[in-house]
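Let the sequences and hints guide you as you build the complete structure.
Same order as they appear, the protein sequences are chains A and B.
Just so you know, the working numbering puts 100 at position 100 of the first sequence, and the rest follows in order with no gaps.
Just so you know, the working numbering puts 389 at position 389 of the second sequence, and the rest follows in order with no gaps.
Treat each hint with caution, since some may be false.
Said to hold, decoys possible - Computed beta-carbon distance windows for the label pairs: (1) B:V220 x A:P43: 54 to 62 Å; (2) B:R190 x A:R86: 34 to 42 Å; (3) A:G123 x B:D155: 33 to 41 Å; (4) A:P43 x B:A221: 41 to 49 Å; (5) B:N169 x A:I301: 50 to 58 Å; (6) B:D425 x A:P102: 29 to 37 Å; (7) B:Q390 x A:S325: 51 to 59 Å.
Source of the hints: derived by calculation from the structure; they are not laboratory data.
Every residue gets a Cβ at the ideal spot worked out from N, C-alpha and C, and that includes glycine.
Now for the letters of each chain:
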Amino acid sequence: MRLVADSGLWSTAPADRPSTPAPLVAVLEVSGAVLSWTVDDSPDDGATRITFTDLSRADWLWRVVGDSGHVALASVVDDHPSDDPRGIELAGVDIVPGSLGPLRRLALGHWLRRWWPASRRDGIVGLDRALLDVEVAVLTAGAQGFFSDDTLDSDVTGLLTPHAAALITDLRTGDPRVGDLVRAGAGLADEVGLDGVDWLELSAALDDSSAALTMSTGRQDDYALAAGSETGPRGAAAISRGVASISWSAVPPGIFDAAENTVEWTIEEPGTAAVVRAALIGPDPATGIPVQLRSGAITGISALDAAGHARLPLVDTARQPMTESAAWNHDWAATSIQVGAPATESPETRERVRRWARRRLDRPADDAFLAEILAAESAY
Amino acid sequence: MSIFLECPYPVQMSADPQVTAVAAGHPRRAVIEQAWRAIGPGVEVLSSDDGGPLTRTIKRIIDPLVLRLRSNPQYSAPVVTPDCAAAMHQLIVDNAPQLRAAAAWFEVLKLERRRMRIRSGNAQELYFPVCFELAVTKGAPTPEDSDTPAVVLHDIHQGRDRTAIEVLNEYVASPEVVAALTDQLDRSWRDVQGEDVVTGPFLAQLSTVLGSVNSHGASVARQRVWSAVIADTTPYNLGALARIEAGETGELPWSIVTLGLSSVAPQRRPRVHGGLDDSDGGRPLDRTVVDRVRATLRRALDRDALPDVPLLCDEEVDRACAPWGLLGEDKQATLVTGIEVAVELAPLDRSVTSRYALAAQIQARLRKEAYVLHARRYLAEGGPIHPRQQQVIDDLAAYSQPYLSRLWARLHGRDVWQEPCDDVDDVRSLLEGVARSVSLDHRQRIKSMLELQVAG
Numbered sequence: 001m002r003l004v005a006d007s008g009l010w011s012t013a014p015a016d017r018p019s020t021p022a023p024l025v026a027v028l029e030v031s032g033a034v035l036s037w038t039v040d041d042s043p044d045d046g047a048t049r050i051t052f053t054d055l056s057r058a059d060w061l062w063r064v065v066g067d068s069g070h071v072a073l074a075s076v077v078d079d080h081p082s083d084d085p086r087g088i089e090l091a092g093v094d095i096v097p098g099s100l101g102p103l104r105r106l107a108l109g110h111w112l113r114r115w116w117p118a119s120r121r122d123g124i125v126g127l128d129r130a131l132l133d134v135e136v137a138v139l140t141a142g143a144q145g146f147f148s149d150d151t152l153d154s155d156v157t158g159l160l161t162p163h164a165a166a167l168i169t170d171l172r173t174g175d176p177r178v179g180d181l182v183r184a185g186a187g188l189a190d191e192v193g194l195d196g197v198d199w200l201e202l203s204a205a206l207d208d209s210s211a212a213l214t215m216s217t218g219r220q221d222d223y224a225l226a227a228g229s230e231t232g233p234r235g236a237a238a239i240s241r242g243v244a245s246i247s248w249s250a251v252p253p254g255i256f257d258a259a260e261n262t263v264e265w266t267i268e269e270p271g272t273a274a275v276v277r278a279a280l281i282g283p284d285p286a287t288g289i290p291v292q293l294r295s296g297a298i299t300g301i302s303a304l305d306a307a308g309h310a311r312l313p314l315v316d317t318a319r320q321p322m323t324e325s326a327a328w329n330h331d332w333a334a335t336s337i338q339v340g341a342p343a344t345e346s347p348e349t350r351e352r353v354r355r356w357a358r359r360r361l362d363r364p365a366d367d368a369f370l371a372e373i374l375a376a377e378s379a380y
Numbered sequence: 001m002s003i004f005l006e007c008p009y010p011v012q013m014s015a016d017p018q019v020t021a022v023a024a025g026h027p028r029r030a031v032i033e034q035a036w037r038a039i040g041p042g043v044e045v046l047s048s049d050d051g052g053p054l055t056r057t058i059k060r061i062i063d064p065l066v067l068r069l070r071s072n073p074q075y076s077a078p079v080v081t082p083d084c085a086a087a088m089h090q091l092i093v094d095n096a097p098q099l100r101a102a103a104a105w106f107e108v109l110k111l112e113r114r115r116m117r118i119r120s121g122n123a124q125e126l127y128f129p130v131c132f133e134l135a136v137t138k139g140a141p142t143p144e145d146s147d148t149p150a151v152v153l154h155d156i157h158q159g160r161d162r163t164a165i166e167v168l169n170e171y172v173a174s175p176e177v178v179a180a181l182t183d184q185l186d187r188s189w190r191d192v193q194g195e196d197v198v199t200g201p202f203l204a205q206l207s208t209v210l211g212s213v214n215s216h217g218a219s220v221a222r223q224r225v226w227s228a229v230i231a232d233t234t235p236y237n238l239g240a241l242a243r244i245e246a247g248e249t250g251e252l253p254w255s256i257v258t259l260g261l262s263s264v265a266p267q268r269r270p271r272v273h274g275g276l277d278d279s280d281g282g283r284p285l286d287r288t289v290v291d292r293v294r295a296t297l298r299r300a301l302d303r304d305a306l307p308d309v310p311l312l313c314d315e316e317v318d319r320a321c322a323p324w325g326l327l328g329e330d331k332q333a334t335l336v337t338g339i340e341v342a343v344e345l346a347p348l349d350r351s352v353t354s355r356y357a358l359a360a361q362i363q364a365r366l367r368k369e370a371y372v373l374h375a376r377r378y379l380a381e382g383g384p385i386h387p388r389q390q391q392v393i394d395d396l397a398a399y400s401q402p403y404l405s406r407l408w409a410r411l412h413g414r415d416v417w418q419e420p421c422d423d424v425d426d427v428r429s430l431l432e433g434v435a436r437s438v439s440l441d442h443r444q445r446i447k448s449m450l451e452l453q454v455a456g
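Encoded structure:
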């Protein structure tokens, strides 16, 4: 095993690619370390990157590198300042095959919660939030040996809390795989002390399984909320129009359709403003997400409403409103639209994620989550 | 039984220095797991699916009640010596009957919990220590003893902290008591007189305390410097200086208001009780005596004996009047050391450079933890991913305030229970642990600001 210095911390260094953009990285924060993988990499142990935030808190390390490896790492890291550019070569310390598998799957579950590229335009079906969160919660409880310290990812309660009502609905589908998962989730909720009315109802529904099995209803349509938001008025005389794409790393998940070119903009006459319409996927509203237009010396800034629309008054460098005649004479070819924060990833990165997601839907992987399997089934 | 005879950690009996000089050791958690498996059947409810002890079993039973880390700190090292490993193994295996009985008690309490329709609180977290206590005092549960489970659960869920706090409230409801405490407070406050402070040499010593070491000799030297630091009067004098107008006998190197330790500078004399802002909030040095005692009672849940309330109040008056609101000089020194670390921490700021190796180390961790938020789409690079998060992000910029608030609370606890801060490694890990919990707290807030959207 080889350790390299990574911004003041020691990190194991297989396939050292610190530049992997955020949408492709699955991370897991365990006690004393952050583990990361590239989502579309092969799932072997060598591809894992372990960055030690505090090796003395990583009391699980022996499970991954064996007792002697743990002791060797502890003594070496203690004795070396973590800015040594030469790194450290540790002979005979290797990752125990298979020891990281459950953690990688957990990291993947967290990734699915945040980056799954659900899109109506691209035909990538959304994942059932409640079932995904419950499965991640159950896996987290199973990996409790890696969470001696509370971390961002040890919060089983937080994962379960919002979902009791949705799980009752899920249970009514009568799918035995769903039943098993919901049962596991409800058991966990009982253990961690979730005592809301919804959870009591869920327990009752599980106890009364005969009732649950007969009430088979259709699955919830995750797209329902956003339906119809794409058709905007096109009648007004447009001085110019165009399309732009949303950077996923610039906006929270669960709002926008993850396809390319989903942001339509038009420059319209009355008042000389840009009208922006972004395609939504939901379930969350787009309210308050900032949107900016830049075209040469002309700028406009506003925030989207719940339906993903915004009207941006345009101004020049002197902050004067743009006149209609100026707008007609302006060359709008080099117009850029920024939705959300000033952050970006390349279109190729997004396409790589979509490709990978489609592959998982076409042929569910061995490590697929139930939410993925159900999404794959519903796509047919 | 053979488990009592076989120990997997052959301890070197001969005094051959060449053999014992070989760096050897065992990961602490691995030692515990191996001993746990040697116990065999009967402890399943305390175990995970793979047969090892639950993390909660270790935290709530093994560490505090079997290994007794408070009196056996050598068992708490991440990597323990072969001797320690052997001793730990033996202790755990020797407690096998009690652990099996504790497991049986947990089953009984869980049944009772269901019967009483209690759902609040994490059952393992709340019941594990009690189960072991019952195992030691009563052995395994018997069918005849049908009262105990109900009584125990009633005790836990009615909260004995609430009972103690009621005692406190009754006590300070008496005007005579408050008058006496106020008199004592006036005297005690006047008793603290600082001397002129020269901080240079003291801060130079902190560079060693907060620096890195890469040899045994250097770490011995670092401990020596810390021993000198806690014997130094500078932290005391700085604390005394915090309560007088700047300029008379020098000036603090920091503002106690900016640090979040006090709402005003100079520090005001604390009150015994009441007033408008008699609440949990407020800055550490502003807190009333009664507030401080209440905090102690709340944290006293895990203690064997509840302290005597009048005695606690009496002592707390003197503590509130002491420099930095702490009696122990080692606690005062630790707080001042923590201030020096805190002013260098800024999780979202790449440009920060640190004077101290430990602060740089903590800052590197905070940056990595901020990266996790970015990788999870809870933050854009270095900024909010939704305008709603702006307030929390601004709070993050003032990292020293929550950091020092939490450090002060931990030191206050140690001061009350007279737990020392004389071990430099222990102090350093305290400073690191506070950063860890503040960071987690912040990040959960950043996360929940996004999740609000789901609810609304």
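Checklist entry - Which of the numbered hints are not met once you compare them with the structure shown? => result Numbers 1, 2, 3, 7 - these are the hints that the structure violates, sorted from lowest upward.
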